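Chemist: Hey, can you work out the whole structure from these sequences and the hints?
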Amino acid sequence: MTADAVVRVGVSAPPLDLPMLDGGLFSLRGERGHPVLVSFLRHAG
Numbered sequence: 001m002t003a004d005a006v007v008r009v010g011v012s013a014p015p016l017d018l019p020m021l022d023g024g025l026f027s028l029r030g031e032r033g034h035p036v037l038v039s040f041l042r043h044a045g
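Residue 25 in the working numbering sits at position 25 of the sequence shown, and the numbers go up by one each step.
It is worth saying that the hints were derived from the structure and are not from the lab. Please note that a few of the clues may not be correct.
What follows is a set of in silico ranges between Cβ atoms, one per label pair, in the way DEER data are often shown [claimed, not checked]:
| no. | residue 1 | residue 2 | range |
| --- | --- | --- | --- |
| 1 | His43 | Gly10 | 31 to 41 Å |
| 2 | Phe40 | Val11 | 18 to 28 Å |
| 3 | Val9 | Ser39 | 16 to 26 Å |
| 4 | Ala5 | Leu37 | 17 to 27 Å |
| 5 | Arg8 | Glu31 | 13 to 23 Å |
| 6 | Val7 | Gly30 | 13 to 23 Å |
| 7 | Ala5 | Phe26 | 16 to 26 Å |
| 8 | Val6 | Val36 | 15 to 25 Å |
| 9 | Arg32 | Ala5 | 25 to 35 Å |
None of these values were measured; they are calculated from a predicted model. In this text, a Cβ means the ideal position worked out from N, Cα and C, and glycines have one as well.
Modeler: Right under this line is the structure:
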């Protein structure tokens, strides 16, 4: 996914795997079917 990609309501989000602050890995695929809020924090960690 690029910075200029558009995400629309009702359309599945693209695959997303991100490191978490506790050292684990968050995979959006594992949350399919559940409401999810992803918050991006500047300078976190």
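Chemist: Note whether the CB distance of Val9 and Ser39 lies within 16 to 26 Å or breaks it.
Modeler: Because 18 Å falls inside the window, the suggested range holds.
Chemist: Using the Cβ atoms, figure out if Ala5 sits within 16 to 26 Å of Phe26.
Modeler: holds (19 Å)
Chemist: Determine whether the Cβ-Cβ distance between Arg32 and Ala5 falls within the hinted range of 25 to 35 Å.
Modeler: violated (19 Å)
Chemist: Against the range 17 to 27 Å, how does the distance between the Cβ atoms of Ala5 and Leu37 compare: consistent or not?
Modeler: At roughly 19 Å between Cβ atoms, Leu37 and Ala5 fall inside 17 to 27 Å, so the hint holds.
Chemist: In this structure, is the beta-carbon distance linking His43 and Gly10 contained in 31 to 41 Å?
Modeler: Hint holds: Cβ distance 33 Å, inside 31 to 41 Å.
Chemist: Is it true that Phe40 and Val11 lie within 18 to 28 Å of each other by Cβ?
Modeler: Since Phe40 and Val11 have Cβ atoms about 19 Å apart, the given range 18 to 28 Å holds.
Chemist: Within 15 to 25 Å or not, the Cβ separation of Val6 and Val36?
Modeler: holds (18 Å)
Chemist: Do the Cβ positions of Val7 and Gly30 conform to the proposed distance bound of 13 to 23 Å?
Modeler: At 19 Å between Cβs, range holds.
Chemist: Is the hinted range of 13 to 23 Å satisfied by the C-beta distance from Arg8 to Glu31?
Modeler: Since the Cβ atoms of Arg8 and Glu31 sit about 18 Å apart, the hinted range of 13 to 23 Å holds.
Violated hint: 9 only; the structure is consistent with all others.
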